[in-house]
Amino acid sequence: MPGDAARVTSSARHSDASALLLLAALLVVALVVSCAVGAFTFSPARMASYLAQAMGLTSPSETDALGRNVFLQLRLPRVLLSALTGAVLGVSGTIMQGLFRNPIVEPGLAGTSAGAALGASLVFVLGGGTSALSAPLGSLAVPLMAFAGAFGATMLVYRVSSTFGKVNVFTLLLAGIAVNAVCGAGTGFLSYIARDPQARNITFWNLGTFTTADWRGVLVVAVSFVVCFVLTLRDAKALNALMLGEDEAALLGMNPQRLIIRLLVLNTIMVATATAMVGVIAFVGLVVPHVLRMVKSSDYGFLLPGSALLGALMMVVVDVVARLIIPPAELPVGIITAVVGAPVFLWILLRQQRRGSAGYYG
Amino acid sequence: MDECAPVNAAGVLLRDVSYVVGETRILDDVSVHFRPGRFNVVLGPNGAGKSTLLRVATGLASPTNGAVTYDGEPLAAFGAQRLARTRAVLSQHVELAFPLPVADVAMMGRYPHYARVPTSRDREIVDAALALVGMTERAAQPYSTLSGGEQQKVQLARVLSQIWTDDLDAAGQSSRFLFLDEPTSSLDVHYQLHLLDVARGLLEGRCTVVAILHDLNVAFRYGDQFVILESGRVAWNGERADEIPLPVLERVFRVKARRVGSADDDGPLLQFTL
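Chains as they are written, first to last, in the working numbering: chain A, 2 to 363; chain B, 109 to 382.
Since the hints were made in silico from the structure, they are not lab data. Among these hints, one or two may not hold up.
[Unchecked claim] With the C-beta cut set under 7 Å, the calculated list includes, among others, these residues of chain A facing chain B:
| no. | residue |
| --- | --- |
| 1 | 102 |
| 2 | 238 |
| 3 | 244 |
| 4 | 245 |
| 5 | 252 |
| 6 | 253 |
| 7 | 254 |
| 8 | 257 |
| 9 | 299 |
From the three backbone atoms N, C-alpha and C, an ideal C-beta is built for every residue, glycine too.
Work the whole structure out from these sequences, hints included.
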């Protein structure tokens with residue numbers, strides 16, 4: 002006969018599964034809407050026929066080549082890239098908050114994104130500009146340098162802010178500020194010495210944009226996300242155990258040191274790849290796990306898939322807003338995420354301060 | 109007695125263990141034998157090396173010199189997972205970085221036993237452990253809303269789930285090792301006694317229990333083997349609390365001690381003054 006705990010754990014898993022299904026359904030709706038609206042508006046029937054043509058199910062109609070090209074070459078990759086980037090940032094925030102055992106960490110604050118932007122802009126400016134990207138090696142150089150920059154910056158922040166396995170929040174924030182400032186200065190310097198077309202490519206990184214989305218970018222981000230996410234999922238239990246502290250996790254048979262390095266590497270690969278494609282988008286990684294924790298659960302078995310779905314959903318919605326808010330121009334998405342995310346960040350910080358670093362959310 | 113403990117001794121054996129950090133010898137040639145079915149108590153003033161002794165004995169830290177064996181098998185030879193299934197540690201105070209329901213916290217004790225999803229057996233064990241510590245009604249409540257004493261009970265349930273003993277004969281292993289690191293220091297007297305009663309109850313399953321305790325009178329009441337540490341060395345080691353010489357206690361703890369009343373079944377009662 003199942004007792005209380007059995008009932009609690011199994012009913013919690015049941016409701017977690019329905020929450021994930023709900024998020025997935027909302028994401029599908031958001032994807033369809035995002036594909037439909039913008040400078041060109043497409044009806045669902047037209048989008049379906051474009052897709053059918055692209056997959057070779059029906060023969061392409063000659064009269065609507067422009068619409069088809071806009072949809073297949075601009076709109077669809079952009080929507081998919083925004084969803085993937087959101088998933089990367091959401092999962093990344095979840096992983097980093099678990100590793101730092103603190104709800105205020107995210108790739109934008111811990112230097113990961115800024116480090117990635119610096120690494121990528123080095124390639125853009127010193128590696129021969131945009132022409133380097135079209136070369137086979139160049140397309141690898143950008144993500145690789147982005148990874149190197151992101152990993153170096155994140156490890157620096159982690160080392161400075163953690164002593165004896167405990168992370169000091171204030172040192173973390175200050176170290177994040179310093180590392181972000183240095184990386185930002187480096188990126189700024191590169192954009193200063195760069196000639197004009199390169200400079201445009203660099204400035205967008207500080208605010209993030211999906212205007213440059215193409216299928217190559219979608220593919221690169223998709224592969225890195227799927228691989229890193231699947232590998233991270235296997236550590237859901239370990240991330241839960243880490244909530245108790247590194248010693249307790251070790252007593253449960255985990256190896257916290259190796260876990261932290263492994264997850265930081267996976268996390269950095271994802272973030273660096275996405276950042277190299279779309280620039281720095283702050284606060285998504287902060288808000289997504291926070292919302293999920295507040296309305297559902299802190300169990301990483303739920304949080305990891307949940308933050309992928311909610312991150313994608315939020316990013317797709319933000320991208321739609323960015324396209325519609327000041328037509329015909331569009332707003333960099335980073336501005337919107339900052340306007341929404343920064344107040345949430347301050348609110349969490351205030352709550353944490355009021356309750357002491359342990360029991361927030363009540 | 110401990111000097112001649114056999115190499116394949118049942119229980120936890122520390123042999124000539126030293127632990128050195130820089131120039132400081134935190135543990136200096138310590139040999140102790142914690143026997144199964146006993147409530148082993150480690151006593152000593154602050155800084156005597158009790159916590160380091162526990163870290164070394166549980167495998168959290170490797171000794172600079174010497175060796176630790178469980179039932180004669182070197183601790184270093186245990187795989188991480190097998191060790192986690194046979195040995196558990198209740199720490200002083202465990203804070204949870206994020207909110208989780210009580211049942212989820214207790215279920216963490218089963219992590220070394222299942223891969224992705226807990227089996228019905230894992231759930232039964234967590235239920236039984238929560239019932240044993242009297243936290244069944246709180247299973248769905250967030251851990252952070254509990255009082256300090258209740259949180260410690262939940263941690264005990266987690267730790268007991270980790271080394272739960274009634275499915276062990278099938279695995280061919282009967283030994284379990286439970287370490288308590290000042291488990292009661294933040295608890296009021298009711299929770300103290302309740303927690304130690306639960307731990308004592310495990311002895312019938314021939315579990316080896318090793319506890320660091322601060323309150324000497326509580327220690328004398330529950331313990332049936334005593335190791336007194338002083339500056340990283342064993343100052344006294346024996347089975348009867350009433351045989352501990354008062355001068356040793358007075359020197360190690362830097363107090364004046366006197367016996368109050370007679371030594372009854374609950375052990376001697378001591379009064380301390382400066």
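Hint-by-hint comparison with the structure:
Interface hint status for residue 102 of chain A: upheld, as the beta-carbon distance to the closest one in chain B is roughly 4 Å, under 7 Å. Taking 7 Å as the C-beta contact cut-off toward chain B, the hint placing residue 238 of chain A at the interface holds, the least distance being around 5 Å. Checking residue 244 of chain A against chain B by beta carbon gives a least distance of about 5 Å; that is within 7 Å, so the hint holds. Satisfaction of the interface hint for residue 245 of chain A is found here, the shortest Cβ-Cβ separation to chain B being roughly 5 Å, below the 7 Å cut-off.
The beta carbon of residue 252 of chain A comes within 5 Å of a beta carbon in chain B, closer than 7 Å, and the hint placing it at the interface holds. Taking 7 Å as the C-beta cut-off, the interface hint given for residue 253 of chain A holds, the closest approach to chain B being about 5 Å. A least Cβ separation of about 3 Å between residue 254 of chain A and chain B falls short of the 7 Å threshold, and the interface hint therefore holds. Because the smallest distance between the Cβ of residue 257 of chain A and any Cβ of chain B comes to about 11 Å, over 7 Å, the interface hint for this residue is violated.
Taking 7 Å as the C-beta cut-off, the interface hint given for residue 299 of chain A holds, the closest approach to chain B being about 4 Å.
The structure is inconsistent with hint 8 alone, although it conforms to all the rest.
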